[in-house]
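K.L.:
Position chain F relative to chain W; hints supplied.
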Amino acid sequence: MDYEGFGKHAALFKPLERPGWRFYLVVAVLALIVVTGVGAYIVQLVCGLGVTGLNRPVFWGFYIINTIFFIAISYGGTLTSAILRLVNARWRLPITRAAEVITVCALGIGAFNIVLDMGRPDRVLNMILYGRLQLLVSAADPRHRHPAGQIPESQAALPVFGPGLHGHRSPEAPPRAGY
Amino acid sequence: MPRWGMVIDLDKCTACQACTVACQAENNIPFAGPDEAALGRSKHWQDVMAEMREEGRYPDFYVQFIPRPCMHCENPPCVTVCPVGATYVDDEGIVRMNYDRCIGCRYCTTACPYAIRYFNWYAPQWPEPYENYLNPNVPLRPKGVVEKCTFCIHRLEEAKQRAADQGQELTDADVVLLPACNQACPASARYFGDLDDPESTVSRLARSPRAFRLLEDLGTEPKVYYLAEEKS
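Read top to bottom, the protein sequences are chains W and F.
Under our numbering, the first sequence has 349 at position 74, and the numbering climbs by one with no breaks.
Under our numbering, the second sequence has 788 at position 88, and the numbering climbs by one with no breaks.
Simulated from the structure, these hints should not be mistaken for laboratory data.
Quick caveat, the model's predicted, so the values are computed rather than measured.
Treat the hints with care, as some may be off.
Okay, derived cross-link-like pairs now, SDA-like style, lysine to any residue, Cα gap no bigger than 20 Å in a straight line [to be verified]:
no., chain 1, residue 1, chain 2, residue 2
1, F, K843, W, I370
2, F, K843, W, A286
3, F, K843, W, Q319
4, F, K843, W, R398
5, F, K843, W, N330
For reference, chain W alone in the conformation it holds in the complex:
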């Protein structure tokens, strides 16, 4: 391809078309790491979460640490981008671009680590089918203010979400629930 049309930017586009041996070396090393990780996850799927070395009471380990790490990284990207935009810095464009790419990618990686951590990833759809908004709800849960008191039925559910969404006694739970 002819780069003359790009003028002074020609040098920027050249590596996209003809990557050198260094590029392929990096790709090979990274692909090896990815293949190792996929293999390790297959072992975990087949054998069970016991292979991770988690135990009782260390129920959560590096997967949740990774989740927190990557989600915090994505916050960092958002913050960088937002600050540069707010102060209207002229030179911000390359930095904003990198920060936003990091935000999007790290958010996905962080969320995916929760799936890796699950004992039954085949039931990940249950998060949507039977999902409970417990974070919102526990903040509004009157039980958290009156731990000893009996909560009247009228206060036991947030009207916004309909009755019984966060109720501890869920009538819709199937009777064949296992004992």
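P.N.:
The following block gives chain F in isolation, referenced to the frame of chain W:
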């Protein structure tokens, strides 16, 4: 509607762990094996905890043994955190588990202050002859889900059915030794029954001045009461 609860008399308890063994056999709880147990992965729905008191030297040493089933809290943290509602409090106050819905996130095991919930790190396995002794009334749990004490709810259902067949009400005497741990206790230190019935054995004992509950200040309102040991 009854509200099931348990009372454990620490003065009578000899820490023989018969309750643990009975529970293990009744509820099809697999053996972890020495390697897994060293990692802390052995499962005991009913465990006997030993609390060493620092007072005294060897012959005059004091150890407090506390049998610990699920507390079946009125305000259970495990139910509050479950993202899919796989664990819930049923109409009779028993904290139950839906193995088919559990996604294995182990949020409840982390939330439980009594650490009574157990995760299946591997698929359950039994040595050759033991497979023939599994209890057909209790479901087996697959790998990757959380399991817990049920107050032997299969026995409770059976007792209710038996009472209904004879056209009678379920009486206090029918249920007081109903769970496997209570039945196995050689010192009869454990009582089971309806806490809402003021005449039942458990509610009479729960009103005793010796009665206390574990980590009461957390506001979880456990339904398992202990009767404190009389210091001699």
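K.L.:
Each of the hints needs a verdict: does it hold here or not?
P.N.:
Hints versus structure:
{"no.": "1", "hint": "F/K843 - W/I370", "in the structure": "46 Å, violated"}
{"no.": "2", "hint": "F/K843 - W/A286", "in the structure": "55 Å, violated"}
{"no.": "3", "hint": "F/K843 - W/Q319", "in the structure": "11 Å, holds"}
{"no.": "4", "hint": "F/K843 - W/R398", "in the structure": "13 Å, holds"}
{"no.": "5", "hint": "F/K843 - W/N330", "in the structure": "14 Å, holds"}
Consistency with the previously given hints fails for numbers 1, 2, ordered from lowest to highest.
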